[in-house]
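Asks: Which chain is which? The protein sequence lines are A and B, in order. Taking our numbering, the leading residue of the first sequence gets 1, the next gets one more, and so forth. Taking our numbering, the leading residue of the second sequence gets 1, the next gets one more, and so forth.
No lab work stands behind these hints: they were computed from the structure. Small disclaimer: the values here were computed from a predicted structure and weren't measured. Among the clues, some could well be false.
[Stated by the list, open to error] The following label-pair restraints were derived from C-beta to C-beta distances:
no., chain 1, residue 1, chain 2, residue 2, range
1, A, 3, B, 520, 36 to 42 Å
2, B, 192, A, 50, 40 to 46 Å
3, A, 64, B, 624, 52 to 58 Å
4, B, 292, A, 64, 40 to 46 Å
5, A, 3, B, 63, 31 to 37 Å
6, B, 266, A, 18, 50 to 56 Å
7, A, 50, B, 624, 46 to 52 Å
Beta carbons are placed, not taken as given, at the ideal position from N, Cα and C, and that holds for glycine.
These are the residues of each chain, in order.
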Amino acid sequence: MRTVEEVVAGVFGVERGSVDESSCPESVEGWDSMGHLNLLAALEQNFNVSIDIGDVVEMVNVQKIRDILLAYGVRG
Amino acid sequence: MDGRMGQGAQHTLKEWILAAEVALLENVDDTAAERFSWLAEGLRRRSPEKLWDLLRDASKEELDKVPELDNLLERLAQTLVGVGRLGETADLVKAARQWEVRLAGSVYRQLAQAQMRSGETARAEETIRELLKQDADDVEAQRLLYRVLRETGRMAEAHDVLNRLVELDPSAATATFAHRERGKLGEMRGRPVRIALLSSYVLDPLIPFLDVECRRAGLAPAFYVAPFNQYTQEVLDPGSGLYGFGPEIVFVALDLEDLAPAVRRAPSVDELARSGDEIRSSLTALVRELHARCNALIVVHELALTGRSSHGILDNRRGDGLSRWTEDLNRDLAEELGSQAHTFLLPLRQVLSRVGTERGQSRKLRYMARMRHGDAALRELARYSMRYVKPLKGLTRKCVVVDLDGTLWGGVVGEVGAEGIQLGPTAPGIEFVDFQEALLNLTRRGILLAVCSKNNPADVMPVLRDHKHMVLREEHFSALRINWRNKAENLAEIAEELNIGLDALVFFDDNPVERELIRQMLPEVLTVEVPRDASQFRSTLEDLTDFELLALTREDELRVGQYEANRRRQALERSSGRLDEYLHSLELRADIARAQASHVARLVQMFNKTNQFNATTRRYGAPEMARLVASPDHRVYVLEVADRFGEHGIVGAAIVREQRETWGIDSFLLSCRVMGLSVETVLLKRIYDAARVRAVARLVGEFVPTAKNGPTVDFYRRHGFRLDGDAGGTQAWILDPRADRIEDPAWIAVKVTGE
Numbered sequence: 001m002r003t004v005e006e007v008v009a010g011v012f013g014v015e016r017g018s019v020d021e022s023s024c025p026e027s028v029e030g031w032d033s034m035g036h037l038n039l040l041a042a043l044e045q046n047f048n049v050s051i052d053i054g055d056v057v058e059m060v061n062v063q064k065i066r067d068i069l070l071a072y073g074v075r076g
Numbered sequence: 001m002d003g004r005m006g007q008g009a010q011h012t013l014k015e016w017i018l019a020a021e022v023a024l025l026e027n028v029d030d031t032a033a034e035r036f037s038w039l040a041e042g043l044r045r046r047s048p049e050k051l052w053d054l055l056r057d058a059s060k061e062e063l064d065k066v067p068e069l070d071n072l073l074e075r076l077a078q079t080l081v082g083v084g085r086l087g088e089t090a091d092l093v094k095a096a097r098q099w100e101v102r103l104a105g106s107v108y109r110q111l112a113q114a115q116m117r118s119g120e121t122a123r124a125e126e127t128i129r130e131l132l133k134q135d136a137d138d139v140e141a142q143r144l145l146y147r148v149l150r151e152t153g154r155m156a157e158a159h160d161v162l163n164r165l166v167e168l169d170p171s172a173a174t175a176t177f178a179h180r181e182r183g184k185l186g187e188m189r190g191r192p193v194r195i196a197l198l199s200s201y202v203l204d205p206l207i208p209f210l211d212v213e214c215r216r217a218g219l220a221p222a223f224y225v226a227p228f229n230q231y232t233q234e235v236l237d238p239g240s241g242l243y244g245f246g247p248e249i250v251f252v253a254l255d256l257e258d259l260a261p262a263v264r265r266a267p268s269v270d271e272l273a274r275s276g277d278e279i280r281s282s283l284t285a286l287v288r289e290l291h292a293r294c295n296a297l298i299v300v301h302e303l304a305l306t307g308r309s310s311h312g313i314l315d316n317r318r319g320d321g322l323s324r325w326t327e328d329l330n331r332d333l334a335e336e337l338g339s340q341a342h343t344f345l346l347p348l349r350q351v352l353s354r355v356g357t358e359r360g361q362s363r364k365l366r367y368m369a370r371m372r373h374g375d376a377a378l379r380e381l382a383r384y385s386m387r388y389v390k391p392l393k394g395l396t397r398k399c400v401v402v403d404l405d406g407t408l409w410g411g412v413v414g415e416v417g418a419e420g421i422q423l424g425p426t427a428p429g430i431e432f433v434d435f436q437e438a439l440l441n442l443t444r445r446g447i448l449l450a451v452c453s454k455n456n457p458a459d460v461m462p463v464l465r466d467h468k469h470m471v472l473r474e475e476h477f478s479a480l481r482i483n484w485r486n487k488a489e490n491l492a493e494i495a496e497e498l499n500i501g502l503d504a505l506v507f508f509d510d511n512p513v514e515r516e517l518i519r520q521m522l523p524e525v526l527t528v529e530v531p532r533d534a535s536q537f538r539s540t541l542e543d544l545t546d547f548e549l550l551a552l553t554r555e556d557e558l559r560v561g562q563y564e565a566n567r568r569r570q571a572l573e574r575s576s577g578r579l580d581e582y583l584h585s586l587e588l589r590a591d592i593a594r595a596q597a598s599h600v601a602r603l604v605q606m607f608n609k610t611n612q613f614n615a616t617t618r619r620y621g622a623p624e625m626a627r628l629v630a631s632p633d634h635r636v637y638v639l640e641v642a643d644r645f646g647e648h649g650i651v652g653a654a655i656v657r658e659q660r661e662t663w664g665i666d667s668f669l670l671s672c673r674v675m676g677l678s679v680e681t682v683l684l685k686r687i688y689d690a691a692r693v694r695a696v697a698r699l700v701g702e703f704v705p706t707a708k709n710g711p712t713v714d715f716y717r718r719h720g721f722r723l724d725g726d727a728g729g730t731q732a733w734i735l736d737p738r739a740d741r742i743e744d745p746a747w748i749a750v751k752v753t754g755e
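So here's chain A without its partners, still in its complex pose (with noise of 0.2 Å):
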């Protein structure tokens, strides 16, 4: 299993240490509405949950969706 900084750089081809806490769709290249599906899915993927689409969009950056994974009982 991934950690979700590695999932977040797998997903949009960044370099692994350009992305921390922080990074966001404003602060991540091809970060935008498709790419965070494809973000979704690449986490309900390797964490092997199914997000719901209220926490979705709360997704604002990679802080808040570590947080919202501890709600489905994983470690991000």
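Please arrange chain B on chain A, whose structure you already have, making use of the hints.
Replies: Just chain B, lined up with the frame of chain A:
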């Protein structure tokens, strides 16, 4: 770091080094090994470069005694990168290879990234390529390599690495990344293709997957997606973005629930009948309108139900059942679309069933983004869409070359004998019968088969001729290469014998070594990644999207028999001494006619795949060809040839543009199957005759040289035309029909219809 250490620390450091050196030398038992590990660990933290000095100078014997040397080297490399000692790290990585210590991919990647950050791009590339030598499937390394290539401006190579990347990681994310990056790379290689999508839902995510599939087929695609749910306006408005884009192929993807929202709420019989009629008439009108306004091939997605019927198990017993209603609707659409030459119905339900409808139709994507299909379904849909794109672009493969042992049957016939091979009605053996049947089915579409096997013919021929469970017999194969030579040479010979390009061959061999050889030596050949499990052979073959035809012409059905006849013809050629005698003995007959609407499918096929004997290599699609055939200013000719061995079908064509005093030969082409028989003269003579009786002053043969049309270079000169200039790469060859003469060859019986 050094600055923070005091005098005492320096002293301690020396002691550390000494102690470590002593420990390394004395490293004879476990205690010493442990002590060395502990010392090395301390040294790594305090002064990693010193530890590296120490290890670098150690002998092989000394290093062999170091416990977990790989771990130590990996940690040391990370520390060295961390303190910016990139040169030392690179030395370490190189040394590790010499010592045959395998380091984790992350060591290479961290080094390469640090090298890139400090501007040492060439060194970074070297590091990445070393890692790829160790593990060619490292996705992250491929990404880094891509970045290096892009930054150093090697765009063609960068495109190739993107191909490799999506191959390794078929996720939507990577497909999207590759698609976005290609936009930045600019420079597109391959034949262009223009693809438009019209949809009632969000289908944009299909584009990256289609992009991947097009690149794989050597195409450089351009895409147009109509604005969300504006497909009707786009079709009806002559000034719409769709028509401005000028698509060659349009996919129309409408969702059943968008067209008939009633299906979600247990509709009555009347409601269903009404919606059904509405859908039929609106969709038919839409397609006809689109067809009338643009030249594109139109592919409409089948209508598919999402979820289950509200009637449960009673659904297919009721008049208002949804499954039967959907079936009827799709059948009617298939009939309507099938009645025109270039409108098709894509079997969406069959495509989605490959991934399972649950994954195929994602409700969450529907709710969140007005999308319908998830990643897996989009990938499958993109693959299937290529079945329309490939024949449109003339990329249909013409021949499957198969191996024998392990491919057409189990076991090695040279070892176990004809009766010992696995081939028959029970397993193991039945899977090979099944595979052979799939190959036989391809021949019904005009796809040729050939054998390339390392074997003794004496071992193999009894199987091909007499084994009672063989489905394929000698006569099904248009070429046989059963020998011990290099398969690349054999394949090149097969292509030559069958008069087709290497890019028309598919190679199916269970031996990975042979496959690798062909991939490297003959990259134009499609080498199939054959699974180890023979029970997957049939589906592997059937999943290939390279055998599609937009229309089955009589020539396709005749083809397999023709090659058999060709073999006999060549035997005759060898037996008759003089060429003249040989040509007479063929009893050639040529029929020339003005083309009719019914010829369009065959004409388009020829115009799009004839390269060698083709004066201008102008490609025309079905709508343009239909217009040319019907045009009062153009004469389109078809040439049909037969000889004593059988019919060749339509093998030649020409388009003449009539102007009062001057007739221009816009296109003139001949299938390579009949080259060397002078049948082209017969066709040219008909054009000349028609011009002469109408007192045309100038007959202008146009010639555009290409890499492949060498055999046509001399065509007009041979027939008395004179070169009259070259405008933008198009040569004009002139003949005066009133003064010059063209004669028919004596060995051809000519028949002219409809002049």
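Asks: State for each hint whether it applies.
Replies: Results for each hint:
Checked against the hint of 36 to 42 Å, the C-beta distance between residue 3 of chain A and residue 520 of chain B comes to roughly 39 Å, which is consistent with it. At roughly 41 Å, the beta carbons of residue 192 of chain B and residue 50 of chain A sit within the given window of 40 to 46 Å. Judged by the Cβ atoms, the range 52 to 58 Å given for residue 64 of chain A and residue 624 of chain B holds: they are separated by roughly 55 Å. A C-beta distance of roughly 52 Å is found between residue 292 of chain B and residue 64 of chain A, which places it outside the suggested range of 40 to 46 Å.
The given range of 31 to 37 Å is respected by residue 3 of chain A and residue 63 of chain B, whose C-beta atoms sit roughly 34 Å from each other. The hint said 50 to 56 Å for the Cβ distance between residue 266 of chain B and residue 18 of chain A, and at roughly 53 Å that hint holds. For residue 50 of chain A paired with residue 624 of chain B, a C-beta distance near 50 Å keeps the hint of 46 to 52 Å intact.
Consistency note: the structure conflicts with earlier hint 4 alone.
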